[in-house]
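Chemist: The residues making up each chain are set out below.
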Amino acid sequence: MIIGRILGTIVSTQKDERLQGKKLLIVKPINLDGSDQNGYVVAVDTVGAGFHEKVMVVGGSSARMAEGNKDCPVDSAIIGVIDTIDFTT
Amino acid sequence: MIIGRILGTIVSTQKDERLQGKKLLIVKPINLDGSDQNGYVVAVDTVGAGFHEKVMVVGGSSARMAEGNKDCPVDSAIIGVIDTIDFTT
Amino acid sequence: MIIGRILGTIVSTQKDERLQGKKLLIVKPINLDGSDQNGYVVAVDTVGAGFHEKVMVVGGSSARMAEGNKDCPVDSAIIGVIDTIDFTT
Amino acid sequence: MIIGRILGTIVSTQKDERLQGKKLLIVKPINLDGSDQNGYVVAVDTVGAGFHEKVMVVGGSSARMAEGNKDCPVDSAIIGVIDTIDFTT
Amino acid sequence: MIIGRILGTIVSTQKDERLQGKKLLIVKPINLDGSDQNGYVVAVDTVGAGFHEKVMVVGGSSARMAEGNKDCPVDSAIIGVIDTIDFTT
Chain A
6 MIIGRILGTI VSTQKDERLQ GKKLLIVKPI NLDGSDQNGY VVAVDTVGAG
56 FHEKVMVVGG SSARMAEGNK DCPVDSAIIG VIDTIDFTT
Chain B
6 MIIGRILGTI VSTQKDERLQ GKKLLIVKPI NLDGSDQNGY VVAVDTVGAG
56 FHEKVMVVGG SSARMAEGNK DCPVDSAIIG VIDTIDFTT
Chain C
6 MIIGRILGTI VSTQKDERLQ GKKLLIVKPI NLDGSDQNGY VVAVDTVGAG
56 FHEKVMVVGG SSARMAEGNK DCPVDSAIIG VIDTIDFTT
Chain D
6 MIIGRILGTI VSTQKDERLQ GKKLLIVKPI NLDGSDQNGY VVAVDTVGAG
56 FHEKVMVVGG SSARMAEGNK DCPVDSAIIG VIDTIDFTT
Chain E
6 MIIGRILGTI VSTQKDERLQ GKKLLIVKPI NLDGSDQNGY VVAVDTVGAG
56 FHEKVMVVGG SSARMAEGNK DCPVDSAIIG VIDTIDFTT
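Listed in order, the protein sequences are those of chains A, B, C, D and E.
If you use my numbering, the first sequence corresponds to residues 6 to 94, in order.
If you use my numbering, the second sequence corresponds to residues 6 to 94, in order.
If you use my numbering, the third sequence corresponds to residues 6 to 94, in order.
If you use my numbering, the fourth sequence corresponds to residues 6 to 94, in order.
If you use my numbering, the fifth sequence corresponds to residues 6 to 94, in order.
By construction, these hints were calculated from the structure, which means they are not laboratory data.
For clarity, every value in this text was computed on a predicted model and none was experimentally measured.
Where hints are given, some of them may not hold.
A pair holds if it fits inside one copy or across any two, identical chains being indistinguishable in the list.
[What the hints assert, rightly or not] Below are the EDC-like pairs computed for lysine to aspartate or glutamate, each with C-alpha atoms no more than 16 Å apart in a straight line:
no., residue 1, residue 2
1, K28, D91
2, K33, D91
3, K75, E58
4, K75, E22
5, K28, E72
6, K28, D88
Based on the sequences and whatever the hints tell you, model everything.
Modeler: This is the structure:
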């Protein structure tokens, strides 16, 4: 899994039926020190994460194991809001 | 998922039987500000996306969860046309 | 999927039993303008592609959905010979 | 699989139900000579690895094959503590 | 699949039960001309490959399709010893 922070949302009307009602968030991957990495990922929120919160994102087929994503065409899901990151290099 | 814009199409006659009738589009991944990223991906259109529209693309095994792709040899599918991208860095 | 051109073949006698009889081709990924990308991939040919032809390659678990690859230990398969690539940047 | 060393832990209260009780560790990928690579990965510990130990990490859907991860939304798991790395370049 | 050469072995006592008895080899990915690429991968040997031999490596969920890897937490497997690589750029 990676760590990211929520930057915004995607609005899409014309989409796969199994995406109806799903919240599509834009997540910026971050480093352990909180600085931004390059790029972004669009992930389905499954835990009610809020704007700019630090979240944990799962990718690949395991994104379909997140709550409510079974058999959905999604490859990225937010599965946790992060309280603290404890590390020593 | 990633965001991209549609650049064109691939025509292939000699192909896997389960690709018959599928629209194979060339998608250019883009950044949140609309600028192009490097590279491209060939994705199956499953939502009737139009030329140069911004779309959402799912990759990996989840591309087979998109409408009509069950058990197909595809690793990339267009699953939504994007109306708006709202974000604050 | 990606686009590539066929560079050659791999010969392997001591291999997984489910690879017996499969044609293992070396594919060079190419850009939309036909120029080479870095790297290469070894893919199972499932459509009878010829030397130096432009082909479409599927990766990951979906390579096992290509004709004849069910339950095989392959992560890359050629699934189409490309006739034309039509695009406008 | 890759080799990494454990840097720390992630604490998350608001998370997917199937992550309850799982130990989420921050792993730094390393080179064969023991030097750090860029980046990090958050992995579920399934073997009781200790702080700063060298571990083996599996990614993708196979992370769900590790002990206790069946059907969990995880894409990275620690599956072994490394005793020795023997190699000659 | 990729091509690599075997550099060495990993010894791990404290590991996932389904890895018991499996040979964990360190593989260096190589270019078509035989030169080394960056990085390495730890792969399960399933064909009895020898030290410094050129091998074919499969990644992702398909590594579990290799002989003896069913339901194992492995994302990389050696599935063939390479006799010859024939190519023309």
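Chemist: Now look at each hint and say whether the structure bears it out.
Modeler: Checked hints:
no.: 1; hint: K28 with D91; verdict: between (29 Å within a copy, 13 Å between copies)
no.: 2; hint: K33 with D91; verdict: between (20 Å within a copy, 13 Å between copies)
no.: 3; hint: K75 with E58; verdict: neither (25 Å within a copy, 28 Å between copies)
no.: 4; hint: K75 with E22; verdict: both (13 Å within a copy, 15 Å between copies)
no.: 5; hint: K28 with E72; verdict: within (13 Å within a copy, 19 Å between copies)
no.: 6; hint: K28 with D88; verdict: between (21 Å within a copy, 14 Å between copies)
In this structure, only the earlier hint numbered 3 is contradicted, and the remaining ones agree with it.
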